[in-house]
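Using the sequences and the hints, build the whole thing.
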Amino acid sequence: MQVAAGMTSQQTKDVRSRGQAGAVSMVKGNPLSGVVRAPGDKSISHRALILGALASGETQITGLLEADDVLRTASATRAIGATVEKDGTGEHAVWRASGGDWLPPSRPLYFGNSGTGVRLALGAVAGAGIHATFDGDVSLRGRPMGRVLEPLRMMGIEATAQDGRLPVELHAGHGLKSVSVKLATPSAQVKSAILLAALGAEGKTRVHEPVLCRDHTERMLSAFGVSLTIIPDDCGGRFIEIEGRQKLHACNISVPGDPSSAAFLAAAALIVPHSDVTVKGVLVNPLRAGFYETLKEMGADISFENEREANGERLADIRAKHSVLHGVEVPPARAASMIDEYPILAIVAAYAQGETMMKGLEELRVKESDRIACVEAGLAANGADVRSGPDWLCVKGSNGLSGGARVKTSHDHRIAMSFLVAGLSSENPVEIDDASMIATSFPEFFDLMRQLGCSVSGE
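full-length UniProt numbering puts the sequence shown at residues 1 to 459.
If you are wondering where the hints come from, they were derived from the structure by calculation, not from laboratory data.
Wrong hints could be hidden among the right ones.
As the list claims (entries may be wrong) - Computed Cβ-Cβ distance ranges for the label pairs, DEER-style:
1. Asp-87 to Cys-235: 35 to 41 Å
2. Arg-141 to Asp-276: 42 to 48 Å
3. Met-154 to Asp-391: 23 to 29 Å
4. Gly-236 to Gly-88: 42 to 48 Å
5. Asn-428 to Thr-160: 49 to 55 Å
6. Glu-169 to Gly-57: 18 to 24 Å
7. His-249 to Asp-433: 21 to 27 Å
8. Glu-329 to Asp-234: 44 to 50 Å
What the hints assert, rightly or not - Listed below are the simulated DSBU-like cross-link pairs for lysine-lysine, each with C-alpha atoms no more than 30 Å apart in a straight line:
9. Lys-321 to Lys-247
10. Lys-321 to Lys-396
11. Lys-86 to Lys-321
12. Lys-28 to Lys-86
13. Lys-247 to Lys-86
14. Lys-396 to Lys-408
Backbone N, C-alpha and C fix where the C-beta goes; we use that ideal spot for every residue, glycine too.
This is the structure we're talking about:
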């Protein structure tokens, strides 16, 4: 494992010790019950660290997700001149980020498996006007960066990359120009990179977002004192305008629970008979709630309780009970609001009656793995009726999964967690080949599942 620039020896030890190498399964057993708290939202955690590192003054962050991906971002911001420190532990931990003059790092910024971290940092570094090299693990090196580099080059950035992949060497200056960009695919990462780079540009940058995707960057920029203009278009999309050379001012951020992580806990409750699980403090931003909307259409007994607002984001406690489910067709327009949840939705679909058709999934081909191929292979091996195409996946549910097969996770945390959940109601155990990468996004996964009553085999 390569060590990130700016990571202390103790943090390196912590990163290496998380997760479980080797084959693992979660064993079918008693109903799941209890109340747990979701880990901090990964998308918001990345943004809080980066904007805190750009702002004047000290930003205090509570609820930060202390997963490997986010710790890579913390290390990268330290390496380019910000002060990022942690006080306390557990629920009482407070992360403090103080901005300063960003300087070229002494060695490449290493982001491990974090696509969000590296793409947002590319934009922030471009806007700050410094030179840096970006790198990641084998999986991240295979993911496309050209979609971010193209608009940055339009703004005057020089970037060297082979076939639009990492490693990327970014040569930035202080002469960035504003641009008008239409997003070719719905991508909050690309949009955010442009907006962060625009902070260092002259004039007004305009981003046209034809299909709405998660808007955490816009919300958080406003919290840090940046002025943006949002203008609806005539087709359900919108334009985002931002003037360059604006200053960010520190603020306190409370990170809500991650709806993508909570999805595994809710899904487990739905497919295990007599289960009743509540996940507290989950982000229910409408642009992130497509999975839960789909579950309700499938007949799930799932509800948002104690809804409230914090830092401009909607939160709720999500309660899920075992349900008799039926297949549905998930519209392509919903993909942007649930792109990370399709693997676990496919598992739920295997336990539903009838056919669940998921369309508009081309983005899943270029995630940490080819998630369409991984889900199809894993489900087929464990007895599901499943088929796919270039941008679609169809699961025909009946009586659940027979299980009994080992699933290759392809070093993808969401594939790993999805098939662990799949085995909670299968006739025979569903085993995954490796669970170590789960720490990239959800280091508390096994602990929380045990709290709800799960048994883990293979530890």
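List, from low to high, the hint numbers that the structure doesn't satisfy.
When the structure is compared with the hints, numbers 1, 6, 7, 8, 9, 11, 12 turn out to be violated.
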